[in-house]
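Asks: Letter by letter, the chains look like this.
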Amino acid sequence: MSDLFKVQVMVNGKSYERDVPPRLLLSDFLRHELQLTGTHVGCEHGVCGACTVLLDGEAVRSCIMLTPQVHEMTITTVEGLADDPTNLHPLQEAFREAHGLQCGFCTPGILMTLIPFLRDNPNPTEREIREGISGNICRCTGYHNIVEAVKLAAEAMSNEK
Amino acid sequence: MKPPAFKFFAPNTVEEALTLLETHGSEAKLLAGGQSLIPTMNFRLAAPEVLIDLNRVNDLDFIRQDDGNLHIGAMTRQRAVERSDVVSKLQPLLFETMPYIAHPQIRNRGTIGGSLVHADPAAELPAIALALKARFKIVNKTGERWVDANDFYTGMFGTAVEEHELLTEVMFPKSTESSGTAFKEIARRHGDYAMAGVAAVVGVDAAGQCDAARVVFLSVSDAPLLMENACKALLGTNLSAAEVDAAADIAANQDADPVGDIHASAEYRRHLVKVLFSDVVQVAAERARA
Numbered sequence: 000m001s002d003l004f005k006v007q008v009m010v011n012g013k014s015y016e017r018d019v020p021p022r023l024l025l026s027d028f029l030r031h032e033l034q035l036t037g038t039h040v041g042c043e044h045g046v047c048g049a050c051t052v053l054l055d056g057e058a059v060r061s062c063i064m065l066t067p068q069v070h071e072m073t074i075t076t077v078e079g080l081a082d083d084p085t086n087l088h089p090l091q092e093a094f095r096e097a098h099g100l101q102c103g104f105c106t107p108g109i110l111m112t113l114i115p116f117l118r119d120n121p122n123p124t125e126r127e128i129r130e131g132i133s134g135n136i137c138r139c140t141g142y143h144n145i146v147e148a149v150k151l152a153a154e155a156m157s158n159e160k
Numbered sequence: 000m001k002p003p004a005f006k007f008f009a010p011n012t013v014e015e016a017l018t019l020l021e022t023h024g025s026e027a028k029l030l031a032g033g034q035s036l037i038p039t040m041n042f043r044l045a046a047p048e049v050l051i052d053l054n055r056v057n058d059l060d061f062i063r064q065d066d067g068n069l070h071i072g073a074m075t076r077q078r079a080v081e082r083s084d085v086v087s088k089l090q091p092l093l094f095e096t097m098p099y100i101a102h103p104q105i106r107n108r109g110t111i112g113g114s115l116v117h118a119d120p121a122a123e124l125p126a127i128a129l130a131l132k133a134r135f136k137i138v139n140k141t142g143e144r145w146v147d148a149n150d151f152y153t154g155m156f157g158t159a160v161e162e163h164e165l166l167t168e169v170m171f172p173k174s175t176e177s178s179g180t181a182f183k184e185i186a187r188r189h190g191d192y193a194m195a196g197v198a199a200v201v202g203v204d205a206a207g208q209c210d211a212a213r214v215v216f217l218s219v220s221d222a223p224l225l226m227e228n229a230c231k232a233l234l235g236t237n238l239s240a241a242e243v244d245a246a247a248d249i250a251a252n253q254d255a256d257p258v259g260d261i262h263a264s265a266e267y268r269r270h271l272v273k274v275l276f277s278d279v280v281q282v283a284a285e286r287a288r289a
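First to last, the sequence lines map onto chains A and B. Counting from 0, one number per residue, gives the positions in the first sequence under numbering that gives the first Met the number 0. Counting from 0, one number per residue, gives the positions in the second sequence under numbering that gives the first Met the number 0.
Be careful, since some hints might not be right.
[Claimed, not checked] Listed below are the simulated DSBU-like cross-link pairs for lysine-lysine, each with C-alpha atoms no more than 35 Å apart in a straight line: (1) B:Lys6 - B:Lys28; (2) A:Lys5 - B:Lys273; (3) B:Lys6 - B:Lys136; (4) B:Lys273 - A:Lys150; (5) B:Lys6 - A:Lys5; (6) B:Lys183 - B:Lys140; (7) A:Lys13 - B:Lys28; (8) B:Lys273 - B:Lys231; (9) B:Lys231 - A:Lys13; (10) B:Lys140 - A:Lys5; (11) B:Lys88 - B:Lys1; (12) B:Lys231 - A:Lys5; (13) B:Lys1 - A:Lys13; (14) A:Lys150 - B:Lys183; (15) B:Lys28 - A:Lys5.
Note that these hints are calculated values from the structure, not bench results.
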C-alpha cells in the first residue's frame, strides 16, 4: 500500500520530480511538497473551487485529482500569474482595483478559473461572467465586486493587446 | 478529508486494464475523470483496495463519425465533446446539453464514459443516451458486446457493465432529418444537481403529425426515465399546445413517480415534470418543423 509513484511535473515553469504515495491529492502535493500555499483548500470534495489550478492550460480542481495523474503535465498555480509581487497580472490588478476580494480565501481559485475563461471569451457579458464563476464559492463579497473586477480585467487585457 | 490508501495502477492499454480487473476483481475500481469517485473517496464513502486509472489509455479518447453515426471514446473529456464541431453537427441534443453538466472545471476532467457508467440519477448524459438510443460498447477478456441504452441502465447507479468489464465507447446512431430535439433542466444554481431535467426527441411527418417521440427525464427516478405512456399519447397528434399538455399530464401522473428530498418535494418534482415536458416537446417540435 505504501508504494511510491514517480511524478515529473512542470509547475509555474519549473520542473519537479518527486516520489509520492498515490493517495496524495494534487492540492496537498502543491501545498505541502512544493510549498506553493497560494492554492487554497476549502471543501476538499470538488464543490467550492478554492483549489482550482491550471492543468495544461485548463482549470481543474486540484483537490479531486491524485498526484500521479499529473505525471508529465504542466500546472500553473496562482503563484505563476505574476512575475514578481510588484508586477501583478492584469487580472490581479483588476481585483485589487475593483475590490474584488475581502478575506481572499476563494481568490486564487477564482483567478485561476478566470484565466482560461477570459482567454476563450475576452469580452464576456455580465451573465457569462456569473456563469463562468458559478463553480467558485465566495462567502464575503456577494460576488458583485468580483463581477466588476472581471469586467475591468477584460477591458484592461483587451487594451493591452 | 483524504482518500484512504489504495494500490494504484495506471495502464496504457485496454488489454492491460482488463488484465488488472481480472486480477483484482471486486477489490478494484476504475478511475476515469474522477470527478465523482475521488470526492466519494475523500468522504470515505468509497474505499477501493485497488484503483485502475484509465487516464493513460489514449486509445479511448476520440470523437469520430461514420455514416452519420457518432462514436465517442469512453475517456473523451466532456469539455472536448462540448467544443466538438462534429458533435454539434451530428447530435445537437448532446451538444446543447454539455454546458449544463456541472462546471467547466469539472468538464475539463470529467469523461463521457465515466458519467455514463457512474449512472447518477441526476446526471444529464445517461438521459441523453437513452433519448438518442445510444449503444454502448463493453469489452472483457473474451470479447466485446454492444448494449442498447434501453438495457444499459438497471437502476440506482446500476449498469450492464459487469465487474470484469469496461465501457470503451458509446455510439449515437444517425438522427433522422424530420426530428427535432431539446433539453432543459431546473437547478437552484447553474451547475448544481438538477431537481428535474428532460431531453426530448420529436419526429414530425410531412402532414405535420408526430411520428416519433422519446422524452427522457433525469433526477425524477432512480435511473433515467423514458416517459413511455406520454410518448405514445403524442404519436399521431398535431403537437398542438393542448395535445402536448395532455401528454404532459400523463407523464406527470402515470409515467413519473418522483420522490422528495431536501431540494424538492415529490409534488414539486411532479409539477416540474409536467411543465418541463410541455416546454421541451414544444421546442423540439418547432425544431423538427424548421
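Asks: The structure should be examined with respect to each hint, and the outcome stated for every one.
Replies: For each hint, the structure was consulted:
1. In summary, the hint linking Lys6 of chain B to Lys28 of chain B is supported, as the alpha carbons are separated by about 10 Å, within the 35 Å threshold.
2. Note on Lys5 of chain A and Lys273 of chain B: the hinted pairing is violated, with a Cα-Cα distance of about 54 Å set against a maximum of 35 Å.
3. Between Lys6 of chain B and Lys136 of chain B the alpha-carbon distance is near 27 Å, which keeps this suggested pair within the 35 Å criterion.
4. Among the hinted pairs, Lys273 of chain B with Lys150 of chain A is inconsistent with the structure: their alpha-carbon atoms are about 39 Å apart, more than 35 Å.
5. For the suggested pair Lys6 of chain B and Lys5 of chain A, the alpha carbons sit about 14 Å apart, so the restraint of at most 35 Å is met.
6. Distance restraint check for Lys183 of chain B and Lys140 of chain B: the Cα-Cα separation of roughly 40 Å exceeds the 35 Å cut-off, and the hinted pair is therefore not satisfied.
7. Proposed proximity of Lys13 of chain A and Lys28 of chain B is supported: the alpha carbons are some 33 Å apart, at most 35 Å.
8. Of the supplied pair hints, the one linking Lys273 of chain B and Lys231 of chain B holds, its CA atoms being roughly 16 Å apart against a limit of 35 Å.
9. Note on Lys231 of chain B and Lys13 of chain A: the hinted pairing is violated, with a Cα-Cα distance of about 62 Å set against a maximum of 35 Å.
10. Using a Cα cut-off of 35 Å, the hinted pair Lys140 of chain B and Lys5 of chain A holds, with the two alpha carbons roughly 29 Å apart.
11. Restraint check: the Cα-Cα separation between Lys88 of chain B and Lys1 of chain B comes to about 42 Å, which exceeds 35 Å; the hinted pair is violated.
12. This hinted pair does not check out: Lys231 of chain B and Lys5 of chain A have alpha carbons roughly 58 Å apart, beyond 35 Å.
13. Under the criterion of a C-alpha separation no larger than 35 Å, the hint pairing Lys1 of chain B with Lys13 of chain A is consistent with the structure, at around 27 Å.
14. Between the alpha carbons of Lys150 of chain A and Lys183 of chain B the distance comes to roughly 29 Å, so the proposed pair stays at or under 35 Å and holds.
15. Taking the CA atoms of Lys28 of chain B and Lys5 of chain A, the gap is about 22 Å. The hint holds against a cut of 35 Å.
Hints 2, 4, 6, 9, 11 and 12 from the list above are not met by this structure, while the remaining hints are.
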